[in-house]
Amino acid sequence: MSGAGTVVTAGRRSPLFWLGIAAAVVLLCVLPFLVKNYRVFQFNLVLVYAIAILGLNILTGFNGQISLGHGAFYAVGAYAAAILMDRAGMPYWATLPIAGALCFCFGFLVGFPALRLGGHYLAVATLALALAVPQLLKYKLIEAWTGGVQGIVLNKPEPPFTFRFLGQPFNADRWLYFFTLAVVVLMFWLAWNLLHGRVGRALIAIRDHPIAAGAMGINLPVFKSLTFGVSAAFTGVAGALGANVIAFVSPDSFTVNLSIFLLVGMVVGGLASIPGAFFGAMFIQFVPNIADEISKSAPAAIYGLLLIVLMYLMPTGVMGLVRTLWLRRQEPAVAAAVPASSNAMTKET
Amino acid sequence: MLLAFLRATLAGMAALAMSGAALAQKKYDPGADDKEIKIGAIHPYSGPASAYGTIGKAIGAYFEKINAEGGVNGRKIKYIALDDGYNPAKTVEMARKLVEEDEALVVFNPLGTPSNTAIQRYLNQKKVPQLFVATGATKWGDPKNFPWTMGWQPTYQAEGRIYAAHVLETKPNAKIAVLYQNDDYGKDYLKGFEDGLGDKARTMIVAKVTYEVTDPTVDSQMVTLKASGADVFFNITTPKFAAQAIKKAAEIGWKPLHYLNNVSSSVGSVLTPAGLDNSRDIVTTAYIKDPTDPQWANDKGYQDWVAFMKKYMPQGNLADGFNVYGYTAAQGLVQVLKQAGDNLTRENVMKQAASLDIALPMLLPGVNVKTGPDDFYPIEREQLQRFDGKTWVLFGKVYGR
Numbered sequence: 001m002s003g004a005g006t007v008v009t010a011g012r013r014s015p016l017f018w019l020g021i022a023a024a025v026v027l028l029c030v031l032p033f034l035v036k037n038y039r040v041f042q043f044n045l046v047l048v049y050a051i052a053i054l055g056l057n058i059l060t061g062f063n064g065q066i067s068l069g070h071g072a073f074y075a076v077g078a079y080a081a082a083i084l085m086d087r088a089g090m091p092y093w094a095t096l097p098i099a100g101a102l103c104f105c106f107g108f109l110v111g112f113p114a115l116r117l118g119g120h121y122l123a124v125a126t127l128a129l130a131l132a133v134p135q136l137l138k139y140k141l142i143e144a145w146t147g148g149v150q151g152i153v154l155n156k157p158e159p160p161f162t163f164r165f166l167g168q169p170f171n172a173d174r175w176l177y178f179f180t181l182a183v184v185v186l187m188f189w190l191a192w193n194l195l196h197g198r199v200g201r202a203l204i205a206i207r208d209h210p211i212a213a214g215a216m217g218i219n220l221p222v223f224k225s226l227t228f229g230v231s232a233a234f235t236g237v238a239g240a241l242g243a244n245v246i247a248f249v250s251p252d253s254f255t256v257n258l259s260i261f262l263l264v265g266m267v268v269g270g271l272a273s274i275p276g277a278f279f280g281a282m283f284i285q286f287v288p289n290i291a292d293e294i295s296k297s298a299p300a301a302i303y304g305l306l307l308i309v310l311m312y313l314m315p316t317g318v319m320g321l322v323r324t325l326w327l328r329r330q331e332p333a334v335a336a337a338v339p340a341s342s343n344a345m346t347k348e349t
Numbered sequence: 001m002l003l004a005f006l007r008a009t010l011a012g013m014a015a016l017a018m019s020g021a022a023l024a025q026k027k028y029d030p031g032a033d034d035k036e037i038k039i040g041a042i043h044p045y046s047g048p049a050s051a052y053g054t055i056g057k058a059i060g061a062y063f064e065k066i067n068a069e070g071g072v073n074g075r076k077i078k079y080i081a082l083d084d085g086y087n088p089a090k091t092v093e094m095a096r097k098l099v100e101e102d103e104a105l106v107v108f109n110p111l112g113t114p115s116n117t118a119i120q121r122y123l124n125q126k127k128v129p130q131l132f133v134a135t136g137a138t139k140w141g142d143p144k145n146f147p148w149t150m151g152w153q154p155t156y157q158a159e160g161r162i163y164a165a166h167v168l169e170t171k172p173n174a175k176i177a178v179l180y181q182n183d184d185y186g187k188d189y190l191k192g193f194e195d196g197l198g199d200k201a202r203t204m205i206v207a208k209v210t211y212e213v214t215d216p217t218v219d220s221q222m223v224t225l226k227a228s229g230a231d232v233f234f235n236i237t238t239p240k241f242a243a244q245a246i247k248k249a250a251e252i253g254w255k256p257l258h259y260l261n262n263v264s265s266s267v268g269s270v271l272t273p274a275g276l277d278n279s280r281d282i283v284t285t286a287y288i289k290d291p292t293d294p295q296w297a298n299d300k301g302y303q304d305w306v307a308f309m310k311k312y313m314p315q316g317n318l319a320d321g322f323n324v325y326g327y328t329a330a331q332g333l334v335q336v337l338k339q340a341g342d343n344l345t346r347e348n349v350m351k352q353a354a355s356l357d358i359a360l361p362m363l364l365p366g367v368n369v370k371t372g373p374d375d376f377y378p379i380e381r382e383q384l385q386r387f388d389g390k391t392w393v394l395f396g397k398v399y400g401r
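Sequence lines, in order, name chains A and B. Just so you know, the first sequence maps onto residues 1 to 349 in the working numbering. Just so you know, the second sequence maps onto residues 1 to 401 in the working numbering.
There could be a bad hint or two in this list.
Said to hold, decoys possible - If we take Cβ atoms under 7 Å as the criterion, some of the chain B residues that face chain A in the derived model are:
{"no.": "1", "residue": "Ile-66"}
{"no.": "2", "residue": "Lys-97"}
{"no.": "3", "residue": "Glu-100"}
{"no.": "4", "residue": "Gly-301"}
{"no.": "5", "residue": "Gln-303"}
Said to hold, decoys possible - So the derived list for chain A, only partly shown, Cβ under 10 Å to chain B, looks like this:
{"no.": "6", "residue": "Ser-14"}
{"no.": "7", "residue": "Trp-18"}
{"no.": "8", "residue": "Phe-41"}
{"no.": "9", "residue": "Gln-42"}
{"no.": "10", "residue": "His-120"}
{"no.": "11", "residue": "Gln-135"}
{"no.": "12", "residue": "Val-153"}
{"no.": "13", "residue": "Gly-242"}
{"no.": "14", "residue": "Pro-251"}
{"no.": "15", "residue": "Asp-252"}
{"no.": "16", "residue": "Ser-297"}
{"no.": "17", "residue": "Ala-300"}
As the list claims (entries may be wrong) - Quick look at which bits of chain B chain A covers, simulated, 3 or more residues with Cβ under 8 Å:
{"no.": "18", "stretch": "42-51"}
{"no.": "19", "stretch": "71-83"}
{"no.": "20", "stretch": "101-115"}
{"no.": "21", "stretch": "210-222"}
Keep in mind the hints are simulated off the structure, nothing from the lab. Bear in mind the structure is a predicted one, so any value in this text is a computation, not a measurement. Beta carbons are placed, not taken as given, at the ideal position from N, Cα and C, and that holds for glycine.
Model the full structure from these sequences, guided by the hints.
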């Protein structure tokens with residue numbers, strides 16, 4: 001995981017970059033066989049959160065629209081998957097595209113008011129969404145499907161085949177890990193292609209200077225609403241995967257904290273950085289547990305303290321620091337070759 | 001019958017023959033050895049329900065006391081307390097940590113109905129005891145489908161039956177009005193109450209009105225209930241709505257015999273905002289000694305608890321009933337472990353938990369902890385208490401099985 005994003009200069013890739021990618025792939029495939037089931041489960045959640053944070057990053061990091069309500073899309077994705085499996089008997093893998101499509105529509109609709117609301121006003125409007133969804137899930141008219149306060153208990157998907165590797169069985173947790181990993185690869189590939197082409201440049205232009213972007217012929221309303229939809233779809237797919245990993249959904253699982261944690265994860269990982277999503281996901285998965293181990297009296301205070309320390313040490317997130325270090329190492333060469341454009345280029349990766 | 005007798009005799013003879021070997025043989029599952037028993041627990045130390053976190057701390061403090069006094073059958077208790085922030089998704093992660101990483105013998109007293117629902121299937125698949133769960137829902141005593149899950153406190157249904165029994169005894173011709181929250185909790189209470197009334201439920205209950213958690217007030221419901229002409233009122237509401245209902249009843253001059261569910265029996269957060277005068281003569285249930293009740297000042301159980309709090313939990317609040325709750329639940333678990341002796345398998349822990357018949361010092365006199373192979377409801381007895389304008393005053397007999 002760690003080697004994937006260390007090279008940031010677009011264009012030519014050094015052999016070191018490909019070596020890093022290969023090492024990361026091998027590590028990701030062997031990892032679940034080196035640790036206990038419970039850790040596999042945690043890594044699985046990291047992958048799920050990485051997709052959700054990537055979704056949020058497309059909206060906030062690349063397009064500049066702040067959302068405090070992505071927990072709502074995560075919840076809708078999770079519930080869509082849970083209801084389809086529980087009531088319609090659908091296989092788990094088939095629920096992902098449906099959850100994604102549903103969240104795309106939902107996000108697109110939410111994106112409309114976003115055209116009139118900018119900056120902090122949009123953040124507050126989306127916060128309302130995050131607050132409302134857990135309550136709406138308890139609504140009695142839909143209780144027959146959602147299970148009300150009690151939620152829905154799901155079955156973990158069984159592996160289609162089984163073998164042993166490094167003395168560890170290929171069980172439900174490990175199968176789900178590889179399934180999630182495959183989805184992660186697909187989603188990150190999609191995001192990479194989306195953001196490193198015409199569309200990506202348009203999104204960044206809207207973020208940096210909407211008037212100029214409009215003058216260049218970018219259709220602002222369409223692009224902003226579609227970005228909201230795509231972002232929600234990513235988070236919804238993450239929610240559907242999360243429901244499978246946890247094997248349970250209930251309104252209390254998707255409180256407003258989830259939305260805020262996703263935002264925290266995005267900022268910690270690095271705004272407008274695709275690989276940063278992994279670091280953010282690791283932060284929101286593991287740091288609360290560390291805080292809990294340090295103190296039972298005030299785990300939230302310890303969590304806050306760790307967050308402040310981290311943001312003080314890495315004000316631009318993990319990927320921001322990686323970038324700075326990389327540039328410093330490359331400085332002589334970069335300074336000689338392209339002194340002015342290096343900053344502009346790194347900003348969009 | 002004869003067959004059973006023969007089998008018992010044979011088993012006895014076999015046991016006698018092997019007793020020498022059996023005594024020396026200690027049996028362990030993950031989480032237990034000669035020196036230590038690992039007990040995992042999940043409580044909300046952070047998040048919206050963090051007021052309950054003190055239960056987990058009181059449990060830990062009691063285990064410290066047990067360890068300081070030599071442990072259980074010579075083994076120290078290693079207490080692994082985890083925080084789920086009252087988020088069921090996090091509860092799943094923490095339960096998996098306790099089972100797979102920390103290898104706890106028992107997952108003890110996890111708190112909250114959704115949280116326990118989230119881990120029930122997992123723990124039963126793994127055959128790990130989900131012991132003495134901290135929720136009043138009725139579904140935890142289902143040994144046929146979930147033999148590894150056991151409740152602890154009196155269920156909502158059991159409490160509802162107690163009010164019904166009291167109505168039948170004192171006002172057999174009552175006309176009853178019920179206000180209940182429209183969810184599992186409210187329906188659980190109502191079911192117990194209706195079961196308790198039996199055939200008479202249909203004629204005695206003259207009005208049933210619901211409210212939603214999202215409603216701003218229950219004022220209009222109270223007006224409707226008064227209009228029904230009822231002279232008994234069963235108030236199944238959470239604290240905010242309970243206070244509203246009590247206040248509104250006084251405002252519109254409705255003075256029925258008022259039963260208030262135990263969930264909202266807090267003087268500080270319900271009766272005071274509703275008005276202490278308005279709350280006079282309300283009836284509710286109790287099973288645990290209220291640490292603020294002056295009648296226990298000279299009670300041995302209460303004094304021991306205060307001494308324990310001062311020594312092992314000096315920062316704890318002596319007025320907080322949750323600290324009594326945690327202390328009492330921990331005592332229940334220690335009794336189970338004592339009974340299990342040297343056979344510390346998860347199976348034997350469940351077997352011993354299902355053969356309890358004890359009284360605990362901070363339970364009300366007459367309230368006991370009793371279980372059986374088909375009875376996974378440890379505390380089922382409660383006593384009624386009436387509010388005298390200042391505190392709750394216990395009265396009458398102890399109800400329940």
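Here is what the structure says about each hint:
Taken as an interface hint, Ile-66/B does not check out: its beta carbon lies about 19 Å from the nearest beta carbon of chain A, beyond 7 Å. A least Cβ separation of about 6 Å between Lys-97/B and chain A falls short of the 7 Å threshold, and the interface hint therefore holds. Among the interface hints, the one on Glu-100/B holds; its C-beta lies about 4 Å from the nearest C-beta in chain A, closer than the 7 Å criterion. Among the interface hints, the one on Gly-301/B is violated; its C-beta lies about 27 Å from the nearest C-beta in chain A, farther than the 7 Å criterion.
At a threshold of 7 Å, the smallest CB-CB gap from Gln-303/B to chain A is about 27 Å, leaving the interface hint violated. With 10 Å as the threshold, the beta carbon of Ser-14/A stays out of range of chain B, its nearest partner Cβ sitting at about 39 Å, so the hint is violated. Evaluation of the Trp-18/A hint against chain B yields a violated restraint, the C-beta minimum of about 35 Å exceeding 10 Å. Restraint check, Phe-41/A versus chain B: the minimum CB separation of about 6 Å is within 10 Å; hint holds.
At about 7 Å, the closest approach between the beta carbon of Gln-42/A and any beta carbon in chain B falls short of 10 Å, and the interface hint on this residue holds. Taking 10 Å as the C-beta contact cut-off toward chain B, the hint placing His-120/A at the interface is violated, the least distance being around 25 Å. Annotation: Gln-135/A was flagged as interfacial toward chain B, and the flag holds, the nearest CB pair being 6 Å apart, inside 10 Å. Here the hint on Val-153/A is kept, as its CB sits about 6 Å from the closest CB of chain B, short of 10 Å.
This hint holds: Gly-242/A has a C-beta 7 Å from the nearest C-beta of chain B, less than the 10 Å allowed. Because the closest C-beta pair between Pro-251/A and chain B is about 8 Å apart, less than 10 Å, the hint holds. A distance limit of 10 Å between C-beta atoms decides the matter here; for Asp-252/A the minimum to chain B is near 5 Å, and the interface restraint holds. With its C-beta approaching chain B no nearer than about 8 Å, Ser-297/A sits inside the 10 Å limit, and its interface hint holds.
With a cut of 10 Å, the hint placing Ala-300/A at the interface with chain B holds, because the nearest CB-to-CB distance is about 5 Å. Only residues whose beta carbon comes within less than 8 Å of a beta carbon in chain A count, and the stretch 42-51 of chain B has 4; three or more means the coverage holds. Against chain A, the stretch 71-83 of chain B contributes 3 residues with a C-beta closer than 8 Å to a partner C-beta. That satisfies the three-residue criterion, and the hint holds. Only residues whose C-beta sits within less than 8 Å of a C-beta in chain A count toward coverage, and the stretch 101-115 of chain B has 5 of them, enough to reach three; the restraint holds.
Against chain A, the stretch 210-222 of chain B contributes 3 residues with a C-beta closer than 8 Å to a partner C-beta. That satisfies the three-residue criterion, and the hint holds.
Hints 1, 4, 5, 6, 7, 10 from the list above are not met by this structure, while the remaining hints are.
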